[in-house]
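Q: So the protein sequences, as listed, match chains A and B.
Be aware that the first sequence starts at 4, since it is given in the numbering used here, and climbs by one per residue.
Be aware that the second sequence starts at 893, since it is given in the numbering used here, and climbs by one per residue.
Hints should not be assumed to be uniformly reliable.
Derived DSBU-like pairs (lysine-lysine); straight-line CA-CA distance at most 30 Å [to be verified]: (1) A:705 to A:367; (2) B:983 to B:915; (3) B:973 to A:130; (4) B:973 to A:69; (5) B:973 to A:43; (6) A:15 to A:43; (7) A:15 to A:345; (8) B:973 to A:15; (9) A:15 to A:69; (10) A:367 to B:983; (11) B:983 to A:15; (12) B:915 to A:15; (13) A:43 to B:915; (14) B:915 to B:973; (15) B:915 to A:69.
By construction, these hints were calculated from the structure, which means they are not laboratory data.
None of these values were measured; they are calculated from a predicted model.
Next come the chains, spelled out residue by residue.
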Amino acid sequence: MWREWLAATRLKLRALMNRRKLDGDLEEELSFHLEMREQKNRAAGTGNAESRAAARRKFGNATLLKERCREMWTFAPLETLWRDARYALRQLRRGPGFTIVAILTLALGIGANTAIFSLLDPLLVRKLPVRDPDALVFLGNGGVPQSQDYDTAVISELQAYRHYRDENRVFSGVLAFTTSEPYDVELGGQPSSASGEVVSANYFTVLGLRPYLGRFFTAQDGGASSAAPLAVLSYSYWRRAFRSNPAVIGQAISIQNSGWSYHPLVNHLFTIAGVAPPGFFGTEVGRESDLYLPAPNQGDSPPWVVVLARLKPGISLEHARVALAPIYQETVRDSTLPPIEKKQDMTGLVIEPAAHGLSPVRNKFQLAAEISMAVVALVLLIACVNVSSLLLARGISRRRELTIRAALGSGRWPLVRQILVEAALLGCAGAIAGVLAAAWAAKSLAAALSTKELPVHLDASIGAPILAFSAAVLIVTILLSGLIPALLSTRGNLAADLKVAGPNATSAPSRSTTGSILLAAQIAISAVVLAAAGLLLHSLFNLETHNLGFDADHLLVITLTGQPSSPAFYEQLLDRAKHLPGARAAAYSALTPLTGDGIGINVSVEGHPAESPAQAHVFFNEVSPGYLETMGIPLLEGRAFTPRDGASQPPRFAIINRTMAQHYFGQRNPVGQTFKFVEGNRPPMQIVGVAADSAFLGVRQKPTDFIYLPYARATRFRTFDVRVSGSPAALAPAVRDLVHSLDRSVTIENLTTMRHQLNESLHQDRLIGTLCAACALLALALTCVGIYGVLSFQVVQRTNEIGIRIAFGAQRRHILSLILSRGAAILAAGLAVGIAGALVATRVIAHMLFGVSADDPATFVGVAALLAAVAFAACWIPARRASRLDPLAALRHE
Amino acid sequence: MGKPENDPRGDLLRDTLDMLILKTVSRGAMHGYAIAESIHQATDDVLRVEEGALYPALHRLELRGWLASEWGASENNRRAKYYRLTATGRKQLATETAHWSRMAAAIARIIEPA
Chain A
4 MWREWLAATR LKLRALMNRR KLDGDLEEEL SFHLEMREQK NRAAGTGNAE SRAAARRKFG
64 NATLLKERCR EMWTFAPLET LWRDARYALR QLRRGPGFTI VAILTLALGI GANTAIFSLL
124 DPLLVRKLPV RDPDALVFLG NGGVPQSQDY DTAVISELQA YRHYRDENRV FSGVLAFTTS
184 EPYDVELGGQ PSSASGEVVS ANYFTVLGLR PYLGRFFTAQ DGGASSAAPL AVLSYSYWRR
244 AFRSNPAVIG QAISIQNSGW SYHPLVNHLF TIAGVAPPGF FGTEVGRESD LYLPAPNQGD
304 SPPWVVVLAR LKPGISLEHA RVALAPIYQE TVRDSTLPPI EKKQDMTGLV IEPAAHGLSP
364 VRNKFQLAAE ISMAVVALVL LIACVNVSSL LLARGISRRR ELTIRAALGS GRWPLVRQIL
424 VEAALLGCAG AIAGVLAAAW AAKSLAAALS TKELPVHLDA SIGAPILAFS AAVLIVTILL
484 SGLIPALLST RGNLAADLKV AGPNATSAPS RSTTGSILLA AQIAISAVVL AAAGLLLHSL
544 FNLETHNLGF DADHLLVITL TGQPSSPAFY EQLLDRAKHL PGARAAAYSA LTPLTGDGIG
604 INVSVEGHPA ESPAQAHVFF NEVSPGYLET MGIPLLEGRA FTPRDGASQP PRFAIINRTM
664 AQHYFGQRNP VGQTFKFVEG NRPPMQIVGV AADSAFLGVR QKPTDFIYLP YARATRFRTF
724 DVRVSGSPAA LAPAVRDLVH SLDRSVTIEN LTTMRHQLNE SLHQDRLIGT LCAACALLAL
784 ALTCVGIYGV LSFQVVQRTN EIGIRIAFGA QRRHILSLIL SRGAAILAAG LAVGIAGALV
844 ATRVIAHMLF GVSADDPATF VGVAALLAAV AFAACWIPAR RASRLDPLAA LRHE
Chain B
893 MGKPENDPRG DLLRDTLDML ILKTVSRGAM HGYAIAESIH QATDDVLRVE EGALYPALHR
953 LELRGWLASE WGASENNRRA KYYRLTATGR KQLATETAHW SRMAAAIARI IEPA
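Bound-form chain B, shown alone:
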């Protein structure tokens, strides 16, 4: 049973997911379900984040200090875990966004017919 973490393609996907989560949370603290829904809606149903990928990513980001969590009341008065961006997280987001733009531009130059 190969774990997704060992798959090199999974690395790229994982990093991208991290960036998306950080960006989503940068607008305000959210719980896990809200983050998934937000990405789903913002990309017009193109990107759908499965729980199997979302929660490991959230916990990993929290352990790395880019997200901070606290328990609060959700919109329907249930207990939910909210994640917010930390200062280091904000810095990381900026780095990753810049990196991603560079990557996208480079790839675009190749894909576009000369």
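Looking at chain A on its own, in the form it has when it is part of the complex:
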């Protein structure tokens, strides 16, 4: 069977190469037969002409015969498709305006979908670039997640990792790693920064990776505590910092803790052992580690790790869960956590599939990504409906041509196929343009996700899976755009229409109903997109103008790192900074608000036993005197810190916020009262003041218990805040110079304004808001064009009728209202469905909204009004044109 097909195809291909030879051969073969017959007749005795005529008669229809034979040698479906395509191209070229609008519309729809998917794919869909990622699992503790950004369930103590590694029988390998952090690296004498992970010695083996260059470190190589520890570079870091120089293997590299590492390195001179394969970025999606450093073989460092294990073949997740239960109990027993935290954090073994890696980036952006996908899909739908009504309108004006083809014997399917091919051509052109645009924009889109706090590294290049997605989108687009016009334009008794005069007249019911329905559909979908955009923008506005409890403007925030050469540095800096021109106040704090960083601790108050661990939890910040004044946080009771408060070691005084005061002391004045820290056996703390509530972790955070502690002398400061009258950015260079001039070994890790920090914390909301606003504008534009197009066309179709009306005495305003009322009816229908749909759809984003409910009446009224205004504007021109028709010309119009 196959061989036959193959042989036939080969013959056909050869015939394809030389069409003329095929035709010539057929002609010659048949005429030879004819001649032979003629000869035979002549031999039988009839005359020349008679023989020929007789021969011809017997031969039958030579042309038909040749056609039939010829057809066998062609790839029939391909040839018809090619013919349809050439014809469609001609048709499209004849109406360039329509063609360009249609292609642009589809390009925008397909391009937007491709672009969003190119971000979604590495973030949500793609698996880790390691060997057999489906066999990997995370191990961790159940418990209350401390931070929204981080998946603390998968963090374990080092002792737990050792238990899992040594005692399990279900894994072929267990590795541990820390999350990626910045390190100070010295390259060729130049200080620079690189991100690094501290990983167990079997990291690369368990993941099943081969080095691109050199080798990886193994358990035999001493670990970080050995004399010459090894380090592995990531491929992109090797390309960036070492310019792909293969001679780096064996070179020494100096790596030291930057101010913010949890895992102190013992040594600082590492030897470069090898380079990781390209495409490998670690096990955290959205982050990229430049360096992989080995953990020390013994000891308690690093204290917190993420544990990843590879299941042995044939072992299921459930089996592993059961088998590990007793080992988990041992880790609980050996845990060094204080009892109250143990109860909170170690509620049970967590074992989860790790094929998609760990990702705080994903946690942060997942909902946003899904909403984006939904919104651009809606925009594509509008685009398809738009092109569909355009094609439908053209189908009506080409009715005469279609009827003639039907009369010539064409079945319905070839006509339908013709229109589908037109839609396909438009779709392909749009897809090419759209994918190119998306490819060009992909890099900048991925970069736009990054903020200083959470830099995002996603490989958003357009590869095979994304192109496959685009192809699927293209097929859906073609079907959506082409089916309705194709089926409708060829419906009905086409032959009967030939008898009716005029190219636009049809005997079938008016196609304009379908056009109106499609239009109403566009309006409905636009309403949903507009409603979503409106709510999100309203929410964003609320977030940006929310009262934070402190004054976010005129505030310069500087993050310092490095050990000062003299302890007097900090006082000097504070003093000098206060006297800078334009500076009003300055203070230190361990942490700065709105970065998502927070430290918590548990307290207990006399007479207030905590019902649950959550109740005893407070966030705290260590601050210098003058902090409240610098931040603009009002002091409600008592006093602010003085330098003496920080002198006692450990500090004995604290300022609490209003929420905590109300929580523990109700209406009483808490000043003078005391509280204790639950752990550490420290002396009770005395409350010296009450500050107003202010936002700390993020803008959305509800007010929670908070305490301020005075800065202890020995602690290393982190953030330095300066209140400025006027623009804080203007003072930045002066502050920078000041720090430099005072002490060279202290460096500024970050210099920014509080307003900027606020904006960064709202980064995701702004991204979504921007995207939805862009989609809303797009939807509005498409709908406007759609309304204008369809109504114009309907006016042209009804020209005759309008002429008659005018001839019978209708005034201009009657005609105007005739057309406008048509538009109004469509608008009303569309809005009704759209608003109802939007009310349902916006419930999905309800929990993302801040300060506005998902059925906010003002937003919905605004959406309806905006659509009505746009619809009116789009209707106006066709209506005016209709009312201005010259009745005589209209009556003559066919």
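Got chain A sorted already, so can you dock chain B onto it with the hints?
A: Frame of chain A, contents of chain B only:
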């Protein structure tokens, strides 16, 4: 306009024609006219193959690889397309002949009075 290919009765006729052509050509390469004449004579004028059926059949058989064609000189020195049986064609002929004999015997058993 119903095409003959869609007619189930035409299927049977077409397959039979294929078999006849293959058998005719098995004796030696022939051009189309000669094949038609051969069948005409061999069946004593009972079966007459029209061009409208012959040439589509010849081309179909060539595409299926059972016949191979080449141009040559005819008996009166004209250029003509000669068809010959291929190895697969020979096998197909054997299959079809056997099938046909079985069919004919079966039908004969019914037609013959018991």
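Q: For residue 973 (chain B) and residue 15 (chain A), compute the direct alpha-carbon distance and say whether it is at most 30 Å.
A: 18 Å, holds
Q: Is the straight-line distance between the alpha-carbon of residue 15 (chain A) and that of residue 345 (chain A) 30 Å or less?
A: Violated, at roughly 77 Å.
Q: Does residue 130 (chain A) lie within 30 Å of residue 973 (chain B) when you go C-alpha to C-alpha?
A: Since the Cα atoms of residue 973 (chain B) and residue 130 (chain A) sit roughly 62 Å apart, the hinted pair is violated (cutoff 30 Å).
Q: With the threshold set at 30 Å, check whether the alpha-carbon distance from residue 973 (chain B) to residue 69 (chain A) stays at or below it.
A: 15 Å, holds
Q: For a C-alpha distance cap of 30 Å, please report whether residue 15 (chain A) and residue 43 (chain A) respect it.
A: Violated, at roughly 34 Å.
Q: Has the given pair, residue 983 (chain B) with residue 915 (chain B), been kept, meaning a C-alpha gap of at most 30 Å?
A: It holds: about 11 Å lies between the C-alpha atoms, which stays within 30 Å.
Q: Has the given pair, residue 973 (chain B) with residue 43 (chain A), been kept, meaning a C-alpha gap of at most 30 Å?
A: Holds - the C-alpha atoms of residue 43 (chain A) and residue 973 (chain B) are around 19 Å apart, at most 30 Å.
Q: For the pair supplied as a hint, residue 983 (chain B) and residue 15 (chain A), is the alpha-carbon distance within the 30 Å limit?
A: 23 Å, holds
Q: When you check the alpha-carbon spacing of residue 43 (chain A) and residue 915 (chain B), does it fall within 30 Å?
A: OK: residue 43 (chain A) and residue 915 (chain B) at ~24 Å, within 30 Å.
Q: For the pair supplied as a hint, residue 915 (chain B) and residue 15 (chain A), is the alpha-carbon distance within the 30 Å limit?
A: 25 Å, holds
Q: Please work out if residue 15 (chain A) and residue 69 (chain A) have their alpha carbons no farther apart than 30 Å.
A: 16 Å, holds
Q: What's the verdict on residue 705 (chain A) and residue 367 (chain A), does the C-alpha distance respect the 30 Å limit or exceed it?
A: 19 Å, holds
The structure fails to meet hints 3, 6, 7 and 10 from the earlier list, while all remaining hints are met.
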